[in-house]
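2 protein chains.
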Amino acid sequence: MPDLAELRAAYELAKSQCGADWKSDAAANAIFAFATMSVRFLRTDCSPIDLVSRVPGKQYVSFTRKGVVARPANRALFVKDERRLAKMWSALRKGKIDRDSFAQVSYTIALAPCLVLELFDRGNKKAPATYFECFIGHLFASSFGVNPQKRAVLPVQGRSVQMTMDFLFDLGKGRYSLHLAVKMSTRERVVQAWAHQRLLDAAYGADRYKGIMVLFSETKLDSRSREVIEICVPDQWLAYQSLLAKMDRIYYFDTPYRYQQLTEQFPDVIRIKPFGEFFSEKETVALR
Amino acid sequence: MPDLAELRAAYELAKSQCGADWKSDAAANAIFAFATMSVRFLRTDCSPIDLVSRVPGKQYVSFTRKGVVARPANRALFVKDERRLAKMWSALRKGKIDRDSFAQVSYTIALAPCLVLELFDRGNKKAPATYFECFIGHLFASSFGVNPQKRAVLPVQGRSVQMTMDFLFDLGKGRYSLHLAVKMSTRERVVQAWAHQRLLDAAYGADRYKGIMVLFSETKLDSRSREVIEICVPDQWLAYQSLLAKMDRIYYFDTPYRYQQLTEQFPDVIRIKPFGEFFSEKETVALR
Chain C
242 MPDLAELRAA YELAKSQCGA DWKSDAAANA IFAFATMSVR FLRTDCSPID LVSRVPGKQY
302 VSFTRKGVVA RPANRALFVK DERRLAKMWS ALRKGKIDRD SFAQVSYTIA LAPCLVLELF
362 DRGNKKAPAT YFECFIGHLF ASSFGVNPQK RAVLPVQGRS VQMTMDFLFD LGKGRYSLHL
422 AVKMSTRERV VQAWAHQRLL DAAYGADRYK GIMVLFSETK LDSRSREVIE ICVPDQWLAY
482 QSLLAKMDRI YYFDTPYRYQ QLTEQFPDVI RIKPFGEFFS EKETVALR
Chain H
242 MPDLAELRAA YELAKSQCGA DWKSDAAANA IFAFATMSVR FLRTDCSPID LVSRVPGKQY
302 VSFTRKGVVA RPANRALFVK DERRLAKMWS ALRKGKIDRD SFAQVSYTIA LAPCLVLELF
362 DRGNKKAPAT YFECFIGHLF ASSFGVNPQK RAVLPVQGRS VQMTMDFLFD LGKGRYSLHL
422 AVKMSTRERV VQAWAHQRLL DAAYGADRYK GIMVLFSETK LDSRSREVIE ICVPDQWLAY
482 QSLLAKMDRI YYFDTPYRYQ QLTEQFPDVI RIKPFGEFFS EKETVALR
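So the protein lines, in turn, are chains C and H.
For what it's worth, our numbering labels the leading residue of the first sequence as 242, then goes sequentially.
For what it's worth, our numbering labels the leading residue of the second sequence as 242, then goes sequentially.
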């Protein structure tokens, strides 16, 4: 079974391979190696626990080790078996995977390393966020065959102002550029994604960058009662989307119930959908 | 000399009096009592230390107690003598104070309680921020004779969406309403203030709410070398101000050197100025 040093090395390798070439096979392999090592570690060194779901239609489990309980995992999406995960990953890499399998394998590869990082160091919020950003950056880069930039250049008052954003993809002639914002969960800081989109729209016109957000979930675990709830602010999102800037698509690995309802109520204003759908629509996302 | 329980009670009283009536004499008295108790505590129970300023033209000191060093205080602005502070406060309350004295008394009343809260509990960032917000909310409310709201109501897609902002002042006919954003220092989260202003402008037209920011400082203390620097991102601010929304005035208790330069370079785009000036121009801030 993997020890802390091995897991840490796997994390560092995934980061550095993405830094070197997001779209590369080396990045894919490093991410999958870290994820599969994490799934094995959760199975062999941690204890599964059932959580009490207060979210309609969803069941959650988690893992515990030395008194620490990791964040919730959606039972229908999390794959505990490394061999099954390996088969699905191989299908994904070949582009021959159905939507449900894509949803499961991407959910598990996104989450398993975060669970492990959390069990080793509960206070370190940055490492899970960094890994998640690596995985999403890689998925988009390999899907489009283009590496992202992290800096926008904005023409402002005769200056070229550089501003760090999550990811910008220039997909070439005939396609939109993509502004991709990535977060494990939102809460207060999410307004930044809409503000960045607004900056890009104001600088380059609303027709240049399509805004896409990829978010993991909005679950919150009460550590005493072990109840899982989802924290959502649908009214705020409606205001951001209507008054600040328009995000073209908002993908969730585990779509919150209330955001699904919001999308059904206002289909022309906001599109919040399972990340699983990215796989089948990725060809059309950037089409003009 | 005051003990922890007394200081905590003074903090709670300042909070609750502001909550009950921001503009009241009771709020003013509670704030001043907490501040003067803090200044006394710093003098009697803590040791002053000199810091190494790397900021052109400014000197910084701080206080230490039980191995904890509090944030930097600008030597030219911090008043250590309670009797002098009391005289200045009395002049301020009567509206008969010169600009330099206003700058000193407001700087000291804003900072002293934060230093004390920090020396007691370094990890608690929220209490200093809450107190600072109380003080600024009170100063604006008593200056205009109007209590603020904390919630904007935005008409969005046929709904009335409520959104929490720092402060909104409705000053009545013939005057602008004020959107007042308050922060001890900025860093990442400041984009929220511009985003809120943009939401208000988009919902009500750019002519309804004047955006005002009140910030304390951007100093950063290196705890080992005891060097003080200022962290500024002038290019980002220029982009926010040009592409996101326009803040009418940005006040600092301790104006960062580089933001002063930015204002001199782009006087038509951004106005960053010492909070001391608020006292002499408050009558005109909201005039149409």
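Accuracy of the hints is not assured; some may be wrong.
[Unchecked claim] Label-pair distances were calculated between CB atoms; the ranges are:
no.: 1; chain 1: H; residue 1: R416; chain 2: C; residue 2: R467; range: 51 to 61 Å
no.: 2; chain 1: H; residue 1: G399; chain 2: C; residue 2: R363; range: 42 to 52 Å
no.: 3; chain 1: C; residue 1: K391; chain 2: H; residue 2: K335; range: 30 to 40 Å
no.: 4; chain 1: C; residue 1: R363; chain 2: H; residue 2: R363; range: 15 to 25 Å
no.: 5; chain 1: H; residue 1: R392; chain 2: C; residue 2: K307; range: 35 to 45 Å
[As the list claims (entries may be wrong)] These stretches of chain C come out as covered by chain H in the derived footprint (C-beta under 8 Å, 3 or more residues):
no.: 6; region: 255 to 265
no.: 7; region: 349 to 361
no.: 8; region: 388 to 398
Simulated from the structure, these hints should not be mistaken for lab results.
Glycine included, C-beta positions come from ideal geometry on N, C-alpha and C.
Cross-check of the supplied hints:
1. For H/R416 and C/R467, the Cβ-Cβ distance of about 53 Å falls inside the hinted range of 51 to 61 Å, so the restraint holds.
2. Between H/G399 and C/R363, the C-beta spacing of about 43 Å keeps the proposed range 42 to 52 Å intact.
3. In this structure the supplied range 30 to 40 Å is violated for C/K391 paired with H/K335, their Cβ-Cβ distance being about 54 Å.
4. Under the hint 15 to 25 Å, the C-beta atoms of C/R363 and H/R363, about 20 Å apart, fit the expected range.
5. For the pair H/R392 and C/K307, the supplied restraint of 35 to 45 Å holds, since their beta-carbon distance comes to about 43 Å.
6. Taking a C-beta to C-beta cut-off of 8 Å, the region 255 to 265 of chain C contributes 0 residues in contact with chain H, too few for the three needed, and the coverage statement is violated.
7. Using a Cβ-Cβ cut-off of 8 Å, 0 residues of the region 349 to 361 of chain C lie near chain H, which falls short of the minimum of three, so the contact claim is violated.
8. Check on the region 388 to 398 of chain C: 3 of its residues sit with their Cβ under 8 Å from a Cβ of chain H, so the three-residue criterion for coverage holds.
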